[in-house]
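**Q** Chains as they are written, first to last, in this note's numbering: chain A, 1 to 483; chain B, 1 to 317.
Because the hints were derived from the structure by calculation, they are not lab data. We treat Cβ as the ideally placed atom computed from N, Cα and C, and that holds for glycine. Please note that the accuracy of each hint is not assured.
Okay, the calculated bits of chain A under chain B, using three or more residues with CB under 8 Å as the criterion [as the list claims (entries may be wrong)]: (1) 188-195; (2) 415-429.
In silico BS3-like cross-links for lysine-lysine, where the CA-CA straight-line distance does not exceed 30 Å [what the hints assert, rightly or not]: (3) B:K154 <-> B:K263; (4) B:K103 <-> B:K148; (5) B:K7 <-> A:K451; (6) A:K186 <-> B:K3; (7) B:K263 <-> B:K103; (8) A:K310 <-> A:K372; (9) A:K268 <-> B:K103; (10) A:K451 <-> B:K3.
Here are the chains, one letter per residue:
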Amino acid sequence: MLFNSFDYFLFLPIVFAVYWLVLNKNIAQQNSFIIVVSYFFYGCWDIRFLSLIFLSTIVDYCVGLQIFRHRDNPILSKRWLLASVFFNLALLGTYKYFNFFIDSFLDMSSFFGYQIKSAWSLSVLLPVGISFYTFQTMSYSMDIYYKKIKPTKNFIAFMAFVSFFPQLVAGPIERASNLLSQITSKRVFNYDQTADGLKLILWGLFKKIVIADSLAPIVDDIFANYHVYPASTLVLGIVFFSFQVYGDFSGYTDIAIGSAKLLGIELKSNFKFPNFSRNVAEYWQRWHISLSTWFRHYLYIPMGGSKVSKLLSVRNIIIIFLVSGFWHGANWTFIIWGGLHALFYIPVFLMGRNRIYADNVIAEKTIFPTFKECLQVLLTFSLVSFSRIFFRSPNLKDAFGYINQIVDQFSYHEYIHPDGYRMLDFYLLLAVFVIYEYVIRRNERKPFQFKYRGVRLATYSLVVFAMILFYNNSGRSFIYFQF
Amino acid sequence: MGKLIYKLCVSFVVVFLIIECLVRIFHLYSETPKRYIDEFGVEKRVPNQRGFNVTGNRRQHVTEFRINQNGFNTVNTVKPKMDSYEIALVGDSFIEGFHQPYKNSLGQMIESKLDSVKVLEYGIGGYDMADQMHLLHAYKKEFLNVDKIFLYLKFENDFERSYYEPDYDRISRANTILHKTLKSSKLFIYLTDIGLLGSVKNYISDKTKGIKNFNPVYAYNSSVEKKDDLEMSRISNFNDLIDRYGFDKTKTVLLYDGRQAGKKFIAFCNDQGIKYIDFSNTFKNAKKETTLIYDGHWNSYGRELLAETITDFIVYK
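Pulled out of the complex, with its shape left as it was, chain A reads as follows:
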């Protein structure tokens, strides 16, 4: 069930009504209801993979209790933690990475002259969102191991925590300290929270339907036929893909956070206007925040983080970005993408500028950005967009072919939309979108924070109007569901 489907627009109001009107007296009933609807939500894709979520839930529930039980015995508690990590990575390895390792091994053998016939490839579907929920359950066990939280004995609450439908298939990857604590507490209906949730859902739908889905056919066309297009079109393809993937994923996240708000639960922010980042380090503090903080807390800091020598810190950064790339998909393109980000990040880190924008936004106290800020934003956007050639291309050959074509065919030709639509509409759309995001850049949770009700209503109307103007009935899935 997609967030941008009619199914979801029937599903969500029904869940909301039953949750608040029928089950509002009892948390256990509300949590049980969350489990039922979450399993139904996930089962709409493939009922078979519900068993994986259930298995992951049971394992980490038991492991969490065991780690806590043996908290005074570091060896035993570590063993239990490793059991959780091993189990979750095994799930990921089987369903997501097995074929990649086999294929890479065969390619390597062939490179050294050994021709081995593959009889080992698995023909399995990738369960939707497996990378997200396995990381969430792993973080639960690790938080108990690092004594940040205590395990819950309430299995129903833990099941609801793992399967909570708004963030089950593409995050934000939640920590037990935030989500589980809310699930175990009594929720009270709050008008402002619900209204904020609805506004976020509207904004998320706008980003998905108007930005991501309307740019998708253009991006698909350019990346599929890059060998016939000049550099100007290929650059357009990269820029549009940047907006597409941002609209798609942040749109999904806004709908997820908004849906959770309707149930009285606050999820963490996952995007904070990354397109206005002034360097790559700031970009990673604003893009897919739940994943980057996950890697920071559970990989980077345990490896020493930046509290070791510069050389070791650089090694840690490289590892983090390569793993992050690999997390996205079992393909060398993602690893190169991660490697490029490491390459962009390291100079910022060595200059000590990786945290300078952590607590402020562009043009923090002014209306317009400075010329320097504009240049910084433009450079960061260009670097990030360039790396996305690897993110978007199906394989390394195409990615390098794309870059090669930019260099070889360095010319300008007007691009014509594959379905014949006016391109001017899309340029105007993006210009308005960037300006609007700039206006609301200080608070990603309140996209319609206007003082006057009339202005708010006019803005809602324009957003809905844009959704109608750019409507197409393709019903595209979300890009990050594949991860």
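Chain B: place on chain A using the hints.
**A** Relative to the frame of chain A, chain B by itself:
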């Protein structure tokens, strides 16, 4: 909760009204001229209507139409005369041509290629061969003075009936209060045009079908025999139509895309001495797209090619 429902309702109404205004201001909606059934039982447009046909979400393609005093979208309002050379084009939406400026229709293109020839266009969206042959029969006095008649044929769906029956239900449905109320909202028309309401309708019908459908679903048999049967039944319907309404082989020509017609049908035409123009090769060898991107009707280039084909036929045959 009450406050939430109240505010949602108010917001919904205000947003609806604002979008309704925006749709009207930017004229995003398409206008459709009304239909009626005349005293001869012919379904056509109410005369003397003007408006704009809009295609695509964002006014991708806007054309003006003008319904003449005879109830057809065309520049010419003259009746055929004995002392001049007239051609009649009869067909469905391709001939009616809301997708093209009425001053640049297929008929106008033919006129521009042939001196002192008038082209009369009798096209109504949804016409099949029963409609067309009934029209020729009903207006036979008028068509007596026409020198050449081209019937546009879409083989795959124009021979589904063996006789014509006016669709009074459709006309009365269009005159119900509900229909008129819905049509008074330009936003409603626009949402229907871009397929959004269609998607909702399909979704609802799919869901209800899932609940109600206890009958087994029979897969469509696409075997060769089935296709042959279908072709034979279409030919038989055509034969019945000829028997019922007549077919002047001396001046009536079928205009069709041969990529869709079957071999048996072509053999039947040859056998019966029915003239036809198969423009499939002209379109196949075209250097540019011949149809509009948004709705599949002939674009200006497609009409130009067709006008040349028809002109050649008139001049050389």
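**Q** Hints first: check each against the structure and report whether it holds.
**A** Hints versus structure:
1. 188-195: holds (count 4)
2. 415-429: Contact hint for the region 415-429 of chain A vs chain B: holds, 5 residues under 8 Å.
3. B:K154 <-> B:K263: holds, 15 Å
4. B:K103 <-> B:K148: The given pair, whose Cα atoms are some 21 Å apart, holds under the 30 Å limit.
5. B:K7 <-> A:K451: holds, 17 Å
6. A:K186 <-> B:K3: holds, 22 Å
7. B:K263 <-> B:K103: violated, 36 Å
8. A:K310 <-> A:K372: OK: K310 of chain A and K372 of chain A at ~28 Å, within 30 Å.
9. A:K268 <-> B:K103: At roughly 60 Å apart (the allowed maximum being 30 Å), K103 of chain B and K268 of chain A break the hint.
10. A:K451 <-> B:K3: holds, 19 Å
The structure does not agree with the numbered hints 7 and 9 stated previously, though it agrees with the rest.
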